[in-house]
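Peer 1: Given next are the chains, with one letter for each unit.
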Amino acid sequence: MGDVGKLVACLKELGFKPKVDSFQHRLVIQKVMYLLERKGVKTGFTFGLYVRGPYSPDLTEAFYSHRKEVEGLKGGSELNAKEKADVCELNALFSLNASWLEVAATYAFFAYAQGLDPFTATIKVRELKPFFSEAQIAVGTSKAKEFLFKPTEKDLKEMKDEFSVWESASAVN
Amino acid sequence: MDGEFVSLVGEAKGLNSKVFSLVRLELLSGLSALGREGATFRELKAILGGSDGGLLANLKALEAMGYVKRATVTLESRKLESFQVTEQGVEQWEHVRAWLHKFVARGGD
Chain X
0 MGDVGKLVAC LKELGFKPKV DSFQHRLVIQ KVMYLLERKG VKTGFTFGLY VRGPYSPDLT
60 EAFYSHRKEV EGLKGGSELN AKEKADVCEL NALFSLNASW LEVAATYAFF AYAQGLDPFT
120 ATIKVRELKP FFSEAQIAVG TSKAKEFLFK PTEKDLKEMK DEFSVWESAS AVN
Chain V
0 MDGEFVSLVG EAKGLNSKVF SLVRLELLSG LSALGREGAT FRELKAILGG SDGGLLANLK
60 ALEAMGYVKR ATVTLESRKL ESFQVTEQGV EQWEHVRAWL HKFVARGGD
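Residue numbers (numbering that gives the first Met the number 0), protein chains in the order written: chain X, 0 to 172; chain V, 0 to 108.
Worth flagging that the hints you see were computed from the coordinates, not collected in a lab.
Glycine residues also receive a C-beta, built at the ideal position from the N, C-alpha and C atoms.
Heads up, some of the hints might be wrong.
[As the list claims (entries may be wrong)] In silico SDA-like pairs for lysine to any residue, Cα to Cα no more than 25 Å straight-line:
1) K78/V / E126/X
2) K159/X / S141/X
3) K16/X / L79/V
4) K78/V / A134/X
5) K73/X / V19/X
6) K123/X / E93/V
7) K67/X / R35/V
8) K16/X / S81/V
[Stated by the list, open to error] So these bits of chain X aren't anywhere near chain V, every CB distance computed over 10 Å:
9) G14
10) E82
11) Q113
So here's chain V without its partners, still in its complex pose (with noise of 0.2 Å):
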């Protein structure tokens, strides 16, 4: 093993491996573009695909680490949920993505 290799290691224990899923990692990265804006659920389902419940899921995972919050927001007169990242959310994403990008530089040797 390579030194490089165990300091990203090392790094990693400073992430929460409970964003590391696909579709947690999109509503990170896609939440975070929209800073305070958010978006609603359903365009986050149009864009990510996935049934109602397993994107409801997720949501419901990332809201309890602390990282999306939730609220109501209408709609020419229909209500509808919103997601917006935290200031936490944001944090943990830019943490991760500067892992990642470290990760993905190191190449396949």
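If we strip away everything but chain X, and leave its shape as in the complex, we get (with noise of 0.2 Å):
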């Protein structure tokens, strides 16, 4: 079972009050969760690839095992400051928009927990989740990866390469 003290704590930093019953609300909590798990705060529900995109069993028998907690934000645990600005930026990122967390979610299961390359793991969300338009997918996965995304050395190297073409430019003028 996970941790349901840090899952108010999430809450109550997103300022977000849920209604157990709200469909609409428990799938925005899943796929926040979800993210939140990827970039490193903790709570210990477990995630799977299921029929609705990356989903975890267990947070939805917290949610209704813990109602009076988790829609009154009673008994939060404590976020330490990386977790707290990891809150923060995902709320200032997706605004609770239940869309593009659906969006978001799913590409981060295919790219970063499967590992595929962003290409592929492009066309796997269009093909679970093709009632969402070109549009809604484009800023999921933009944002996603704005999220999530941590350049790995390679990466690193090829941008200090790319930029110091420009910087040596600069310097000339």
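Hints are included, so try docking the two chains, each in its own frame, into the full complex.
Peer 2: Following this line, the structure appears as structure tokens:
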């Protein structure tokens, strides 16, 4: 079972008071908690790929069995400074938009959990979520990248090489 | 006919043969994994493919058997149809799954 106290702390930080009976609220929390988990905010809920995209049955059970705490935002534990910053970043990027979150979480699963390249991951998102428009998929995947992308040594070297040309050019002038 | 086969046939009599189509088994399996959350029609359609009419007919058949129930949910101001497995549906799926395991484990002899 995941850490309900941490779930409540994340909801408090988001300024989100959910209703457990709301389908949209449950969906938003599922996707938010998945993206935060990938970012490093560990809550212990187990996610897998289901018909609905990344999803945690434990988290759904936690909503219902801890309805009072979740709806009343009661008894949350403390987030550390990095976790707080991650929650704020997610909030600023997604504004709890259900479509963006759904696309982003699905993209994150394929690109970061399964390690597929960005092109293949986007194709997989289109296959699993064909009811989203191209624009929604583009925005959702771009936000997922912005939130989760961590450059590798190779990426950093490539960026350094690319930027050094511009830096030298500006130094000449 | 060996004793194991005879026993398998005997156990099969306790199963509902109406769930033995690929799409119905996929629906029972997929929805059982989601528990009380269920899935919307558009999500099921995306993953299972086929026509709207075909999928709906199979969902209605499972609903008539008491294995699935439907609800209308709201997402970003849109009304969507959502389907959930019932307790009876989970029970039937567990029965079928256990029987299929035994059936497959028997091998091709």
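Peer 1: Each hint should be assessed against the structure and marked as holding or not.
Peer 2: Cross-check of the supplied hints:
1. Distance restraint check for K78/V and E126/X: the Cα-Cα separation of roughly 22 Å lies within the 25 Å cut-off, and the hinted pair is therefore satisfied.
2. Between K159/X and S141/X, the direct Cα distance comes to roughly 22 Å. Compliance with the 25 Å bound is thereby established for this hinted pair.
3. With a C-alpha separation of about 23 Å, the suggested pair K16/X and L79/V falls inside the 25 Å cut-off, and the hint holds.
4. With a C-alpha separation of about 21 Å, the suggested pairing of K78/V with A134/X holds against the 25 Å cut-off.
5. For the hint linking K73/X to V19/X, the alpha-carbon distance of about 14 Å falls within 25 Å, and the restraint holds.
6. Between K123/X and E93/V, the direct Cα distance comes to roughly 30 Å. Violation of the 25 Å bound is thereby established for this hinted pair.
7. Under the criterion of a C-alpha separation no larger than 25 Å, the hint pairing K67/X with R35/V is consistent with the structure, at around 19 Å.
8. Between K16/X and S81/V the CA atoms are separated by roughly 24 Å; this keeps the pair inside 25 Å, and the hint holds.
9. The beta carbon of G14/X sits about 19 Å from the closest Cβ of chain V, which is more than 10 Å, so the claim that it is off the interface holds.
10. At roughly 26 Å from the closest C-beta of chain V, the C-beta of E82/X stays outside 10 Å, upholding its exclusion from the interface.
11. Remark: the non-interface label on Q113/X is consistent with the geometry, its nearest Cβ contact in chain V lying 16 Å away (cut-off 10 Å).
Hint 6 from the list above is the single one not met by this structure.
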